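Novice: Here's the letter readout for the chains.
There are 2 protein chains.
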Amino acid sequence: MTAVPDLDAALAAPAAEGGTATVRRARAWLTRAAEPGSVVVWRFVERAGPVAAVRLLRAGRAPDAVQALVGVRAEQDASAADLRRADRCGARLVIPEDDEWPALALHALTVAASGERADSGEMSDRTKAPVPPVALWVRGPGRLVDVVDRSVAVVGSRASTAYGEHVAGDLAHRLGERGWTVVSGGAYGIDAAAHRGALAAQAPTVAVLACGIDRVYPSGNGALLERIAQEGLVVSEWPPGAAPHRHRFLVRNRLIAALTRGTVVVEAAARSGAQATARRAGRLGRPVMVVPGPVTSAMSVGCHELVRDRALGAVLVGSAAHVLEEVGRLGEDLAPPPEVATDAREGLSDIAIRVLDACPVRRGVSPERLAAVAGCGVVQVLQVLPALELAGLVEWTGTGWRVAPPQRVTPPRKEGRPS
Amino acid sequence: MTAVPDLDAALAAPAAEGGTATVRRARAWLTRAAEPGSVVVWRFVERAGPVAAVRLLRAGRAPDAVQALVGVRAEQDASAADLRRADRCGARLVIPEDDEWPALALHALTVAASGERADSGEMSDRTKAPVPPVALWVRGPGRLVDVVDRSVAVVGSRASTAYGEHVAGDLAHRLGERGWTVVSGGAYGIDAAAHRGALAAQAPTVAVLACGIDRVYPSGNGALLERIAQEGLVVSEWPPGAAPHRHRFLVRNRLIAALTRGTVVVEAAARSGAQATARRAGRLGRPVMVVPGPVTSAMSVGCHELVRDRALGAVLVGSAAHVLEEVGRLGEDLAPPPEVATDAREGLSDIAIRVLDACPVRRGVSPERLAAVAGCGVVQVLQVLPALELAGLVEWTGTGWRVAPPQRVTPPRKEGRPS
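So the protein lines, in turn, are chains A and B. Note that the first sequence covers residues 1 to 419 in full-length UniProt numbering. Note that the second sequence covers residues 1 to 419 in full-length UniProt numbering.
Just chain A, same shape as in the assembly (with noise of 0.2 Å):
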């Protein structure tokens, strides 16, 4: 603790503007002094740079609106135990100086900010505004930037009906079997179970909290929130130990909407938060992608005023095929789902059968990996691959070996029988 210099010795150091640690710790400082979602602070930050930024801040010579809006937090210091407090749970903060940061997803967010005039003070203003982050605390053990490139939000009612969760959870089992993430806000009913079904395809999927991700928010998904950050990504732009503040949920659902490339909403009352996210992907340009349910449910009255609201141009989905449709890249996620021929597996040996399961379906791994989760020697392994790789089945990514991908197949145009 004493071998952490003090912040604003660490800010005055010469090499103080290039180096990322000082750049991390200003920003950890940001994540705490400035409330999240603020055109006016961010845009100082951008300007001023987030060390300079701070500074200013900390020395009272910011703008007079950025000054007000941070208040006495400027005279306090927690960036040094929140960066140790993050560490001893397995998080970080990212940043955008970082590689990892999802600057292309997030870059909708900027270019909206950019249009964007200065605070009204308004929490409701603020809370709508299209702002990018400072940074980022993440826990978890992928990349960000790549666990979020082929995402999709699934997000929903908490009071939810058994028929949302069926659907919501087999939605988010597809994607997942297909190679993309689920992102989802973390809370009970629609969001928990596109979690889960994303878990069970044993495919990452990202909880974007409002509240610090050390916090177990809300507090029955205490062990859902766990196996998201052993297998996926629990994210927050608040510090670790912050509060999920009501406000703050509405600041964090332009994160879910910005980080993924189009949000499904699978059952909404109406006038409801879910429905908040998906008309605010709609402002980023993303695909908004609706479930109906029946009209007799008051949860899909939410999802039915999105599809009959012309002008937000939601598209209506019933199945995995339908999201990738929208969000998919063109000739690739057309496909139809990727069914491992029967036949192809029929020839193959158990070792081999065994080698293609341990496969991921993302990222390729070592044959060292695949032997330890086919329950094999290497050499097995090594003696198989030759023969799955040219069935087809499994492929060489350059760094490890992964499921090959489906064939393209272009899928039979369905229409309406004439009759």
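Hints are supplied without guarantee of correctness; some may be wrong.
[Stated by the list, open to error] A short, non-exhaustive set of chain B residues, derived as facing chain A with CB atoms under 8 Å:
#1 Y163
#2 V295
#3 V315
[Unchecked claim] Quick list of simulated restraints, FRET-style, between CB atoms:
#4 A:R310 - B:V379: 49 to 59 Å
#5 B:R310 - A:E389: 37 to 47 Å
#6 B:A223 - A:T296: 21 to 31 Å
#7 A:A270 - B:D357: 26 to 36 Å
#8 B:A223 - A:A270: 38 to 48 Å
#9 A:A270 - B:G49: 51 to 61 Å
#10 A:R271 - B:D357: 28 to 38 Å
#11 B:L104 - A:D149: 49 to 59 Å
#12 B:H247 - A:E389: 47 to 57 Å
Simulated from the structure, these hints should not be mistaken for lab results. If you're wondering where the values come from, they're calculated on a predicted model, not measured in any experiment. For every residue, glycine included, the Cβ atom is placed at its ideal position computed from N, Cα and C.
Here the structure of chain A is known, so what remains is to put chain B in place on it, guided by the hints.
Specialist: This is chain B only, laid out in the frame that chain A set:
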């Protein structure tokens, strides 16, 4: 029977061209001689006139294409028997020369038919062609043109679910309550539920059949069709006794689409007949409305396909209010449900309430009729009517008394909460 002159003699009479009876006889003959849905036949009848058309066909001197479609039926004649048979079951032949012919509604078919090429002779083409009927067999008390003036088609799968039947019945009931006629196909499932819902609201409903108006088809709907004939209308292009051949349903569907202001599909399997009716309505420029359902239900797959087809421009609907937004007259049907203010009723005498409840929604009726329905004297009716009128509860249509239409109220625009 001997009083009815021979067809050819009737047609040859000097006043034949102008006489409505002769024209009706000629068109009756055509409904049996030429299968409906043929552009070639319809054009020939339009150009030659119905009486001359029949004379030419009987003499074998019609154009080859037309003569071929009629074939040996040119030599047969059941027109007088058909008219008698219709009369016996309380039906009549409504022809374009009649005041009650729904010329305006069917105009869309005339316009569409003028753009059609001559029949290629293939059944699939013929069943798709938008062609006006040469005449309509109609069974029931109302004037056809009045009954279908404000009408909506509610169609769907025969293999419906409890959900679909509930929604169809409820929708039809609410549309009926607001003075709209529900048109459907008299089939099992969604059709039957829609007819029943309308009847329960004491609103007129129209069953457009693919067989003779005196056929009990499907057999299980006998009592329902009987009730529709008593309180609404049973309509068909085919003469009495005609059998419900499979292709006739497809020909019939265009009529359901054309007679109504819009078509609501409640449940439809993938690539189903209900979808075809909806697409036909779309091609005629009529709004296509679709009730969504669980994505897990095979009976909603067709509905969702329709919503997803952007070219069709189908609108998702979940309530009668949504339907009326599409088909209603501006400023009239955008109003919220006609809720007779409870306070307005509270001040009324027992007799006044009974008279109010006796007032029909659509056509005005005489005080004598109101007295009969309300179970009181005409003098009492005449005593309470002025007060009811002053309270804005009833109105004089020029020919009778009816419930006053709902006040014009601009409904508050719903908007997603920014949160």
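Novice: Looking back at the hints listed earlier, which ones does the structure fail to meet?
Specialist: No hint contradicted; all consistent.
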